[in-house]
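*Asks:* Keeping their order, the protein sequence lines are chains A and B.
Letter by letter, the first sequence follows residues 1 to 610 in the working numbering.
Letter by letter, the second sequence follows residues 1 to 343 in the working numbering.
Note that these hints are calculated values from the structure, not bench results.
Fair warning: there could be bad hints in the mix.
[Unchecked claim] BS3-like mimics (lysine-lysine), calculated; alpha carbons at most 30 Å apart, straight line:
| id | chain 1 | residue 1 | chain 2 | residue 2 |
| --- | --- | --- | --- | --- |
| 1 | B | K245 | B | K87 |
| 2 | B | K299 | B | K17 |
| 3 | B | K242 | B | K87 |
| 4 | B | K17 | B | K242 |
| 5 | B | K120 | A | K395 |
| 6 | B | K17 | B | K235 |
| 7 | B | K17 | A | K488 |
| 8 | A | K98 | B | K235 |
| 9 | B | K88 | B | K299 |
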Amino acid sequence: MLDRVASADTASATGTAARSDAPDAAFADACLAARIFACAPVAMGGIHVLGRASPVRDRWLDVAGRCRPGDAPVRRIAPSIAPARLTGGIDVAATLAKGRPVRDAGLLETLDGGWLIVAMAERMTPALAGIIARAMDSHALDGGRPARFGLIALDESDDHDEDHHLPGAIADRLGLRIRLDGIALRGAIADPGCVALPDAAAIADVAVAAPLADTVVKATAMLRGASMRAPVQAMLATRIHAAMAGRSAAEEADVAVALRLTCGAAIEAPEHADDQAETSGDGDDAPPPEPPPPAEGADRGDADEREAPEFDPDLLNDILVNAARSAGLDLQAFEKTGMTRTRGDSAAGKSGALRQGARRGRPSGLVARPPFPGARPNVTATLRTAAPWQAIRRKARGLGPWSPGEPLDVRPSDFRYTRYAHNTESTAIFAVDASGSTALERLAEAKGCVEMLLAECYVRRDQVALVAFRGAGAETLLEPTRSLVRAKRALTALPGGGPTPLAHGIKAALDLSVRAKRRGQSPLLVMLTDGKGNVALDGTQDRAGARADALDLARQSAALGIRSVIIDIARRPREGARTLAETMHADYVTLPRADAGAMSEVVASYLKAP
Amino acid sequence: MSAPFPFAAIVGQEEMKQALLMTAVDPLLGGVLVFGDRGTGKSTAIRALAALLPGIQTRPSCLYNCEPDRPVEICTVCNADTPGRPKKRPAPVVDLPLGATEDRVCGALDLERALIAGEKAFEPGLLARAHRGFLYIDEVNLLEDHLVDLLLDVAASGVNVVEREGLSVRHPARFVLIGSGNPEEGELRPQLLDRFGLAVDVASPGNLADRVEVVRRREAYERDRDGFVDTYKRKDAAVRRKIDKARGLIDDVSVPDDVLELASRICMALGVDGLRGELTLMRAARARAALAGRTETQKADIVAIAPMALRHRLRRDPLDEAGSAARVERAVGEVANGAAGHA
Numbered sequence: 001m002l003d004r005v006a007s008a009d010t011a012s013a014t015g016t017a018a019r020s021d022a023p024d025a026a027f028a029d030a031c032l033a034a035r036i037f038a039c040a041p042v043a044m045g046g047i048h049v050l051g052r053a054s055p056v057r058d059r060w061l062d063v064a065g066r067c068r069p070g071d072a073p074v075r076r077i078a079p080s081i082a083p084a085r086l087t088g089g090i091d092v093a094a095t096l097a098k099g100r101p102v103r104d105a106g107l108l109e110t111l112d113g114g115w116l117i118v119a120m121a122e123r124m125t126p127a128l129a130g131i132i133a134r135a136m137d138s139h140a141l142d143g144g145r146p147a148r149f150g151l152i153a154l155d156e157s158d159d160h161d162e163d164h165h166l167p168g169a170i171a172d173r174l175g176l177r178i179r180l181d182g183i184a185l186r187g188a189i190a191d192p193g194c195v196a197l198p199d200a201a202a203i204a205d206v207a208v209a210a211p212l213a214d215t216v217v218k219a220t221a222m223l224r225g226a227s228m229r230a231p232v233q234a235m236l237a238t239r240i241h242a243a244m245a246g247r248s249a250a251e252e253a254d255v256a257v258a259l260r261l262t263c264g265a266a267i268e269a270p271e272h273a274d275d276q277a278e279t280s281g282d283g284d285d286a287p288p289p290e291p292p293p294p295a296e297g298a299d300r301g302d303a304d305e306r307e308a309p310e311f312d313p314d315l316l317n318d319i320l321v322n323a324a325r326s327a328g329l330d331l332q333a334f335e336k337t338g339m340t341r342t343r344g345d346s347a348a349g350k351s352g353a354l355r356q357g358a359r360r361g362r363p364s365g366l367v368a369r370p371p372f373p374g375a376r377p378n379v380t381a382t383l384r385t386a387a388p389w390q391a392i393r394r395k396a397r398g399l400g401p402w403s404p405g406e407p408l409d410v411r412p413s414d415f416r417y418t419r420y421a422h423n424t425e426s427t428a429i430f431a432v433d434a435s436g437s438t439a440l441e442r443l444a445e446a447k448g449c450v451e452m453l454l455a456e457c458y459v460r461r462d463q464v465a466l467v468a469f470r471g472a473g474a475e476t477l478l479e480p481t482r483s484l485v486r487a488k489r490a491l492t493a494l495p496g497g498g499p500t501p502l503a504h505g506i507k508a509a510l511d512l513s514v515r516a517k518r519r520g521q522s523p524l525l526v527m528l529t530d531g532k533g534n535v536a537l538d539g540t541q542d543r544a545g546a547r548a549d550a551l552d553l554a555r556q557s558a559a560l561g562i563r564s565v566i567i568d569i570a571r572r573p574r575e576g577a578r579t580l581a582e583t584m585h586a587d588y589v590t591l592p593r594a595d596a597g598a599m600s601e602v603v604a605s606y607l608k609a610p
Numbered sequence: 001m002s003a004p005f006p007f008a009a010i011v012g013q014e015e016m017k018q019a020l021l022m023t024a025v026d027p028l029l030g031g032v033l034v035f036g037d038r039g040t041g042k043s044t045a046i047r048a049l050a051a052l053l054p055g056i057q058t059r060p061s062c063l064y065n066c067e068p069d070r071p072v073e074i075c076t077v078c079n080a081d082t083p084g085r086p087k088k089r090p091a092p093v094v095d096l097p098l099g100a101t102e103d104r105v106c107g108a109l110d111l112e113r114a115l116i117a118g119e120k121a122f123e124p125g126l127l128a129r130a131h132r133g134f135l136y137i138d139e140v141n142l143l144e145d146h147l148v149d150l151l152l153d154v155a156a157s158g159v160n161v162v163e164r165e166g167l168s169v170r171h172p173a174r175f176v177l178i179g180s181g182n183p184e185e186g187e188l189r190p191q192l193l194d195r196f197g198l199a200v201d202v203a204s205p206g207n208l209a210d211r212v213e214v215v216r217r218r219e220a221y222e223r224d225r226d227g228f229v230d231t232y233k234r235k236d237a238a239v240r241r242k243i244d245k246a247r248g249l250i251d252d253v254s255v256p257d258d259v260l261e262l263a264s265r266i267c268m269a270l271g272v273d274g275l276r277g278e279l280t281l282m283r284a285a286r287a288r289a290a291l292a293g294r295t296e297t298q299k300a301d302i303v304a305i306a307p308m309a310l311r312h313r314l315r316r317d318p319l320d321e322a323g324s325a326a327r328v329e330r331a332v333g334e335v336a337n338g339a340a341g342h343a
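Chain A extracted, bound-state conformation (with noise of 0.2 Å):
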């Protein structure tokens, strides 16, 4: 009994059936990765390696290694790096010492024909994201020297961490993704020795008939919706992989395989598939999904005009219902729709909402005035400005060259100041009671306030987030975010009803302000409610542990000096949500009828008067 508990947790932690010193499924399919990325770096553009530093981590690093061919540089970054040192530039010391030109190369540069890997991608900068990502179009930097390299971005974000994450930039362009997270050290087994990859030719050689290349196609609208730089990776995965297998033809276990490595879908090869690298971890505890009978649906007509009989339409259709349920998706809904779902998840990057002149934050560049009063100037930055004048100033006053010893001649427009950026947005975090009868009511009187807050946040830089709260717990609706456009799309569908778990709601709404906080924002938190939970924190319906909790929450909240208001939403306010109130140190305000108008006035006027 034990044991099968146990086992189920593996599975379900892992995502695959994990069994004690049995090689991991996901870290083979990893190490394909690797392969395939090792085959094509440039065209296939990168892995996107989602997993926390850890041993599985650079065991795969240690095969991916392997896989790269000797003679290819390889290079590990930083996200911190100065994007001048990607670029390369004139090297300021070398040229004054030796009196002529000397070029600093830029890493990028010196790295043609190789790989990149950047450890926290997570962390890096929109600017030095647009300086990769562009010369991965290109090929090349400005200038035309040739910057052809694959990239390897470490990603350690966090699923809940909307603040750090790789800019969509370069997560487009990198063609496979895996995770590591959760795959145990013992089970990292990497397949014995290197097998040999297949060369550029016969990749290009593999012929891909036209229902396979519509199931891709297809597949990947679904997984990573409109980016139509995903099926060009998947169909140069699938290729690859037919090559590693030694066929001229792609058949459905390439497909499967690549969809499952391009779009991060857990896509199982079909059950004939003569290449058992991909599916050797299915252990019988865990038995493949079945998939629902094949819909009598388009795909079916579709794969049965074309002359390829030697496909199985249902194989096809079993990956395409596959990649329908890792999307979330109904196969049928989404071919009526079209191929025009786009994923609500994309980056979410934030301009320059970086209040100048501050005195603290992270440096974001130089500048030649002081920031603020008193500023003192960064010394580096000031020598290296006044560096290349030396001969110009030496010979306006008569002097000969520069040597050793003598003094440099600093002028007040050398001058540099470290500029920091940090951040003054406020966030508004609504939490939104979307039990009972009036749910519906609520929530649309919520999202208009949403959106007419959206529509005016520009001029003041907020960001606006969405929590609502019913049935067995809190969901977040709306990531904080200042654009009208993500926040429509999210909001379009309300769900309402169910009891109240008002403690879930407040607690996901503390976890959102305090990633706000952690931002350098200042988060204000909204709650409509009527003060009256009936589902405790750990789920059952108990009036008083409901309240209890709810309390709890409350009083961590004042603790954590969090700004909040509670709407009160009842018909006849009672004393629930005034106790709340109390207890939160929060304002209360009593807004019977919670029309979207009135409640962004109120608001507003705590946004523009922190």
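Once you've looked at the hints, dock chain B against the given chain A.
*Replies:* Okay, now just chain B, sitting in the frame of chain A:
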């Protein structure tokens, strides 16, 4: 660098292609803003356009893209005692990277010459290189505020003024601004939004056949770039001729009164502030007529280009579910039908 993906090989994306062609015909149109998801071919289209633009006359190795008979004061190449003979060269399409420093954009002290010869010389930046051509900013909505301010100023005045580090330089920088970005990642400042003449939304093709075709063409291109470009050579040449011809025509395109009136009515119906909307409508209509080989604009021109000329100028109405393009279309429909009723 190898040949870019051919413009004619881009599947679909008609609205974006039309907008790009129109700015190529009339650089004064004010540029294009392309909004859409990643991987929908924004950058591909813009880089492809570069190959089709009519070339400019300038002297070889001139760093400011001077017009041969009106050189910039500081240009040492064109002001030499025996300046070289002007030659035709492709119109510049300059990429402005997100992480570019102010020095890179505006120009700064020429380090090389300062270090070696001890000379104080100005090294022109990206703005100088973009003069008489296109300036492309990918992810324009993520650009740092101080660079946005700088670009707005230069785009409005057509002159880049550098006053720092003991340098005092001014040179013309007239360019067509093309921006692209994903609105979900942060919105654009309204001041910058308004600066763009046209705005288009792009999405990847919605049907399977087109998507498969995109993948096929991309694969063919990756396999044999030069060969692929060759197969589209004639189609690309046809587009180039179309632009050339339209450029010759555009000064002669007339705008009849009823077309003018329609434009004004649409702007009034939508409550577009200022005259910029109407002016853009007129210019865009003329560019469209010229591309079609006509010398007179028609009401159909206005109807066709109204969404891209006006959608980014509307005041935002957060409670209107439909996109701004739909609002423009609705207004155009109402006004056009009303106008037809009057006639």
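*Asks:* If a hint holds in the structure, say so; if it does not, say that too.
*Replies:* Cross-check of the supplied hints:
1. At most 30 Å may separate the alpha-carbon atoms for a hinted pair to count; K245/B and K87/B meet this at roughly 21 Å.
2. Restraint check: the Cα-Cα separation between K299/B and K17/B comes to about 21 Å, which is no more than 30 Å; the hinted pair holds.
3. Among the hinted pairs, K242/B with K87/B is consistent with the structure: their alpha-carbon atoms are about 23 Å apart, no more than 30 Å.
4. With a C-alpha separation of about 13 Å, the suggested pair K17/B and K242/B falls inside the 30 Å cut-off, and the hint holds.
5. In summary, the hint linking K120/B to K395/A is supported, as the alpha carbons are separated by about 11 Å, within the 30 Å threshold.
6. At roughly 14 Å between alpha-carbon atoms, K17/B and K235/B fall within 30 Å of each other, so this suggested pair holds.
7. Note on K17/B and K488/A: the hinted pairing holds, with a Cα-Cα distance of about 28 Å set against a maximum of 30 Å.
8. Proximity of K98/A to K235/B is assessed by CA-CA distance (about 52 Å); at most 30 Å being required, the pair is judged violated.
9. Taking the CA atoms of K88/B and K299/B, the gap is about 37 Å. The hint is violated against a cut of 30 Å.
Violation of the numbered hints given earlier is confined to hints 8 and 9; the remaining hints are satisfied by the structure.
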